[in-house]
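Protein chains in written order, with our numbering: chain A, 2 to 177; chain B, 59 to 340.
In short, the hints are calculated from the structure, not lab data. Only true hints are included.
Stretch-level coverage of chain A by chain B, calculated; a stretch enters the list once three of its residues show a Cβ under 8 Å from a Cβ in chain B:
#1 36 to 45
#2 57 to 63
#3 141 to 150
Just so you know, these numbers come straight off a predicted model, no measurement behind them. Every residue gets a Cβ at the ideal spot worked out from N, C-alpha and C, and that includes glycine.
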Amino acid sequence: MLSTSRAGYEQRIIPIGGLLVCDNPKVVLCSHAIGMGVVLAACDPVARVGGLFHALLPEAQAHPSRAKEKPGLFLDAGLEALESTMRASGAVSSRIQYFASGGTQVMGTSGNLNIGLRNTDTLHRLLAAQGITLTGANLGGYSCRSFYLAIESGAASVMLSGHLQELPLCPPLTTT
Amino acid sequence: MSPIDDYLSRVKHLPPAPRILPELLQLLRHPDVDADQVVSLIKYDPALTAGVLHLANSAYFGSARPAEDLSEAVTRLGFQQVYILVAAISGARSLAPAQKGYGMGSGDLWRHSATSAVAAQIIAKDLGDDMDLVFTAALLHDIGKIVLSDTLESTYAVIVRETSLNRYPLLEVERRILGFDHAQVGGRLLAKWNFPANLVAAVEHHHQPDQAGEHTRLAAYAHIGNLVAYAMGQGYGNAAYALEPSPAAFQLLGLAEDSLTEFMMRTFDQMGIIDALFRVKP
Numbered sequence: 002m003l004s005t006s007r008a009g010y011e012q013r014i015i016p017i018g019g020l021l022v023c024d025n026p027k028v029v030l031c032s033h034a035i036g037m038g039v040v041l042a043a044c045d046p047v048a049r050v051g052g053l054f055h056a057l058l059p060e061a062q063a064h065p066s067r068a069k070e071k072p073g074l075f076l077d078a079g080l081e082a083l084e085s086t087m088r089a090s091g092a093v094s095s096r097i098q099y100f101a102s103g104g105t106q107v108m109g110t111s112g113n114l115n116i117g118l119r120n121t122d123t124l125h126r127l128l129a130a131q132g133i134t135l136t137g138a139n140l141g142g143y144s145c146r147s148f149y150l151a152i153e154s155g156a157a158s159v160m161l162s163g164h165l166q167e168l169p170l171c172p173p174l175t176t177t
Numbered sequence: 059m060s061p062i063d064d065y066l067s068r069v070k071h072l073p074p075a076p077r078i079l080p081e082l083l084q085l086l087r088h089p090d091v092d093a094d095q096v097v098s099l100i101k102y103d104p105a106l107t108a109g110v111l112h113l114a115n116s117a118y119f120g121s122a123r124p125a126e127d128l129s130e131a132v133t134r135l136g137f138q139q140v141y142i143l144v145a146a147i148s149g150a151r152s153l154a155p156a157q158k159g160y161g162m163g164s165g166d167l168w169r170h171s172a173t174s175a176v177a178a179q180i181i182a183k184d185l186g187d188d189m190d191l192v193f194t195a196a197l198l199h200d201i202g203k204i205v206l207s208d209t210l211e212s213t214y215a216v217i218v219r220e221t222s223l224n225r226y227p228l229l230e231v232e233r234r235i236l237g238f239d240h241a242q243v244g245g246r247l248l249a250k251w252n253f254p255a256n257l258v259a260a261v262e263h264h265h266q267p268d269q270a271g272e273h274t275r276l277a278a279y280a281h282i283g284n285l286v287a288y289a290m291g292q293g294y295g296n297a298a299y300a301l302e303p304s305p306a307a308f309q310l311l312g313l314a315e316d317s318l319t320e321f322m323m324r325t326f327d328q329m330g331i332i333d334a335l336f337r338v339k340p
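Just need the whole structure built from these sequences, with the hints factored in.
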């Protein structure tokens, strides 16, 4: 259970809009309150470098000053910052595994009000453009989530709000 | 007796009524209200007084010199800020406990409600509407969930199945199980507590604001505040997002649907106030 505190391991919580890359194998990165936003995490299991960001919106275009201050608020700016920081921390692009969680959707609309759907669509488009395949994902559905990434093992999992059991993210899993 | 009234009469533990809110709202509407009148309304509730002082002196609201009594806090913060603190603290008494029937832990509903209220208030300020009233409507929009939670605990698995697998909105699942939904119960509860008709209607119709009669505008604020909170990840519990956003809510306020993202960003900027409100012990 990655969500459970273990002796010798430290949980680091990344808030909404936050982005963190870490090369300490004894750290479990986690993010909570993942609703319509998306957490994208990356891990190089050989270099034991991991990172994640918790985006609220797909694109930074309309919010340039916020994106400069907090690239993790936006999927496009966050992905760019995550990749460059991972590489700067010793990760090798070809070894990086990616995990995604969130994009919770609402019902009856596919337009501007369904931010979760817009986020997941943009995520898939951004990743495809860079030739990135997700190693594990838990996207869509109607529940808020928490996400966990253990840097030492490269294992990732999610916990749905209102549930007690963690869902491992390998193999890829979707609730929609 | 209506089915909802009959249900409410059989509920063993109703949440504590935030009775001070309609009184304070009415008082603050008078142009010549003075600080003593506001203080005299609050001071007989020791926990509320302590909470207001605690928040007034917190990192978010505080100034270099702490306010030592209620009168000083009211003078320093101003009526509008004091109203928010009073509404937040009295609302927290009802909204803070875990709601197991909805899969929500302790503080979850409270955080969702406070985020909704702050978001709705941001919009009300832009549009020149009564910010205190809008804050209250959005803060209390889900108060009916507190009443229904115990009843729904035993049918939790049904809710999971109907929302996740059969894709029914949570509101519809409640109606199928109980014959009514949390919005209707919330409205009825506020009416029972003698809240004004506009707040009753806004809470009762926060999922379908265009059906709120002459109070559609206030209901639209509650709806959009609720939606912003969900978009910000402040929507907890099982299948919390199984809801249908109302485009009519945006039309009622003259807002474009794509303004939702801008309100999300501005609510994000106010997370400090939400955290400060969340930390106070009701």
